[in-house]
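> The residues making up each chain are set out below.
Protein chains: 2
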Amino acid sequence: MKTCIKTGLTAMLMAATAVTTWAQDEAFPEGSVPNEHNIAGADYPRIGPDRRVHFKVHAPEAKNVEISFRGPMTKGDDGWWTLVSEGPEVVGPHYYTVKIDGVEVADPAGKPFFGMGRWVSVVEIPEDAAEADYYAMKNVPHGAVSRSAYYSDIRNEWRECLVYTPAEYDKNPDKKYPVLYLQHGMGENETSWSRQGKMNLIMDNLIAEGKAVPMIVVMDNGNIESFKMMPGETMADVHKRFGAQFPAILVNEIIPHIQANYRVKTDRDNRAMAGLSWGGHLTFETTLRNLDKFAHIGSFSGALFIDPAKLGEVYDGAFKDTEAFNRDVHTFFIGIGGEEHPERAHALSDALRAYGIENVYYESPGTAHEFLTWRRCLREFVPMLFK
Amino acid sequence: MKTCIKTGLTAMLMAATAVTTWAQDEAFPEGSVPNEHNIAGADYPRIGPDRRVHFKVHAPEAKNVEISFRGPMTKGDDGWWTLVSEGPEVVGPHYYTVKIDGVEVADPAGKPFFGMGRWVSVVEIPEDAAEADYYAMKNVPHGAVSRSAYYSDIRNEWRECLVYTPAEYDKNPDKKYPVLYLQHGMGENETSWSRQGKMNLIMDNLIAEGKAVPMIVVMDNGNIESFKMMPGETMADVHKRFGAQFPAILVNEIIPHIQANYRVKTDRDNRAMAGLSWGGHLTFETTLRNLDKFAHIGSFSGALFIDPAKLGEVYDGAFKDTEAFNRDVHTFFIGIGGEEHPERAHALSDALRAYGIENVYYESPGTAHEFLTWRRCLREFVPMLFK
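If you read the protein sequences in the order shown, they are chains A and B.
For the first sequence, our numbering gives the first residue as 1, with consecutive numbering after it.
For the second sequence, our numbering gives the first residue as 1, with consecutive numbering after it.
Since the hints were derived computationally from the structure, they do not count as laboratory data.
Don't take each hint at face value.
Dumping the calculated SDA-like pairs for lysine to any residue here, alpha-carbon to alpha-carbon at most 20 Å [as the list claims (entries may be wrong)]: (1) A:LYS99 - B:TRP80; (2) A:LYS171 - B:PRO256; (3) A:LYS138 - B:ILE254; (4) A:LYS99 - B:PRO60; (5) A:LYS171 - B:ASP170.
Here the structure is a predicted model, which means the values were calculated and not measured.
Sequences are here, hints too, so could you generate the full structure?
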């Protein structure tokens with residue numbers, strides 16, 4: 001590196017010129033717009049008015065280039081490989097990678113999102129403006145998402161959580177706020193909710209419209225980023241191990257850190273937790289075994305392993321005293337996407353209700369195990385909290 | 001995507017298993033440690049005790065794999081390509097990419113850093129602990145880096161700046177803080193100072209030791225991310241155009257946004273600006289034309305285009321009244337790496353002094369046009385401010 005750049009400015013400029021392969025002088029597909037998650041200057045991927053995605057990758061020397069979940073690209077004489085979605089894609093954000101001669105990488109033309117256990121790319125198929133309004137960047141007061149470091153004795157490492165503070169936070173130096181702890185899913189990390197989830201925009205809009213009370217939202221790393229099955233392990237073993245430290249980290253380390261560094265209310269009525277997919281599982285593991293600390297619980301497409309025939313036994317008997325549960329747990333939310341086999345979540349909600357446990361079931365129409373389901377779950381869940 | 005993941009948990013687990021290609025059951029090179037910027041679970045790149053880097057990429061179908069600035073990798077029978085640095089690498093953080101059959105991408109095993117006009121990877125060659133102490137994560141109070149959104153009328157778009165608030169910020173709700181505006185270089189963006197620059201750790205440590213006063217640091221996007229020379233343009237044209245909007249954005253939009261949303265002092269004595277490389281150029285363009293607004297100025301390996309024979313004329317005559325300049329500008333810092341041809345920066349500092357303009361010249365020993373130079377410049381510059 002030293003040799004290459006010690007000539008200073010000229011080399012620096014030349015290195016930067018490499019990026020001109022993002023753009024081409026050509027006519028773009030009619031009515032198409034660049035994917036909102038492209039880096040500055042990158043014209044592809046583009047999304048057509050028919051919701052088909054036009055992918056384009058410059059790889060003159062490659063034998064085979066593919067787009068994950070979609071298939072092989074076609075090589076042109078100019079060294080550019082192209083692929084157009086077969087039909088309209090489902091609205092919302094979708095992970096993708098580019099496979100170059102068998103090596104799967106993030107699209108060099110895209111901004112990075114942590115998903116599928118690594119930094120990948122996201123193509124966002126726009127919804128109708130009315131549908132997308134709740135997560136649109138609008139002219140309302142905007143909160144901030146900050147990184148805050150603390151030492152974990154449990155893991156013997158420095159960690160960072162992301163903390164959303166509402167727009168009014170700095171203007172009310174004497175006010176204390178309730179807290180929602182919000183968890184990502186498997187193969188994701190603490191950045192996923194504010195990046196692919198757009199949680200800050202959803203919160204800004206809900207608060208600006210008076211639908212949600214101003215609150216702090218804390219997002220941390222559940223340590224379920226990379227999945228490995230060890231030799232001799234069963235899936236049940238993995239389930240027990242995966243993210244197993246997180247409930248203790250949250251209760252013993254994250255909550256005290258937040259309470260020491262932010263102006264927050266510390267009673268259970270003002271503490272909520274929710275999570276998506278495996279984060280839903282961790283939410284149940286944390287809250288149902290610590291009902292003295294949490295009064296609001298949300299599962300968004302949660303990986304829930306509850307036998308509806310044993311509701312009185314699971315989670316140390318958390319559901320056994322239905323009257324106490326209904327009195328103390330002010331929000332119990334079970335959300336799922338309509339296209340991800342919602343039957344089991346629906347059946348669990350019904351079984352809980354039949355057993356005597358009040359809960360809210362929400363099914364997101366037409367969405368799968370993806371972030372559009374979870375953005376909507378957040379939109380439905382947050383207005384119920386702290387009222 | 002929808003088809004692939006609607007089977008839910010099982011498919012999700014299987015997708016995540018793809019990442020097991022990061023790790024191998026093998027003996028690692030003796031005494032080597034994983035690069036600190038690898039993602040969780042990735043064993044390579046590794047850095048040996050001799051400061052040589054061991055790169056390893058799984059690409060059984062590729063014809064040719066290279067590591068940028070270093071050369072071609074060698075393919076093994078197991079489909080893994082390897083490369084070891086020829087000799088000890090220079091200490092500090094270095095950008096790199098992987099080139100797979102001619103396509104240059106970020107290392108899928110690495111965390112993303114924005115540099116060279118796109119998201120790339122960084123290998124960090126550790127310094128001696130004593131040398132690295134000032135940017136080490138230590139048991140001191142830690143500030144937070146937050147994202148804050150505002151609308152730019154000049155660019156007609158929503159933008160986000162990154163704002164470092166010192167650890168004590170939330171504990172002193174009535175205290176106002178001075179502000180340093182800190183700019184990245186060409187091909188970088190608003191994330192670069194807090195990611196590859198570790199500016200938050202440098203500030204935390206300086207403040208904890210009482211060497212710097214607690215201050216807010218604002219990092220924004222200079223819109224010099226992707227460099228393109230237009231048809232018919234000369235380099236001089238590019239110089240004029242590149243980041244040309246930024247001084248107006250900073251003065252008319254960013255500063256008012258910060259003053260409206262953070263508790264900051266608003267007089268010129270409590271406002272500083274510094275930048276690295278092209279950000280140094282933008283710092284001079286902004287501060288020297290607005291000396292009523294800035295009292296502290298720093299150039300870190302700045303791309304400075306000043307003719308030492310015309311000091312009285314440049315920047316609207318900013319240097320002409322040397323007495324006024326020396327009285328009003330409390331800090332004027334010119335830093336450079338000792339290995340990046342420092343002669344021109346040194347000569348400029350001398351010429352300014354001979355002309356009557358007080359300034360501090362700092363040369364970082366043994367470092368090039370890289371972030372180790374700029375971390376050190378920040379360490380030297382910040383203690384001079386607001387005293």
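> Now, for every hint given, state plainly whether the structure supports it.
Now for the hints, and whether the structure bears them out:
1. Of the supplied pair hints, the one linking A:LYS99 and B:TRP80 holds, its CA atoms being roughly 16 Å apart against a limit of 20 Å.
2. At roughly 16 Å between alpha-carbon atoms, A:LYS171 and B:PRO256 fall within 20 Å of each other, so this suggested pair holds.
3. Our distance criterion of 20 Å between C-alpha atoms is met by A:LYS138 and B:ILE254, whose separation comes to about 18 Å.
4. For a cut-off of 20 Å, the pair hint linking A:LYS99 to B:PRO60 stands: about 12 Å separates their Cα positions.
5. Between A:LYS171 and B:ASP170 the CA atoms are separated by roughly 12 Å; this keeps the pair inside 20 Å, and the hint holds.
Consistency with the previously given hints is maintained throughout, with no hint failing.
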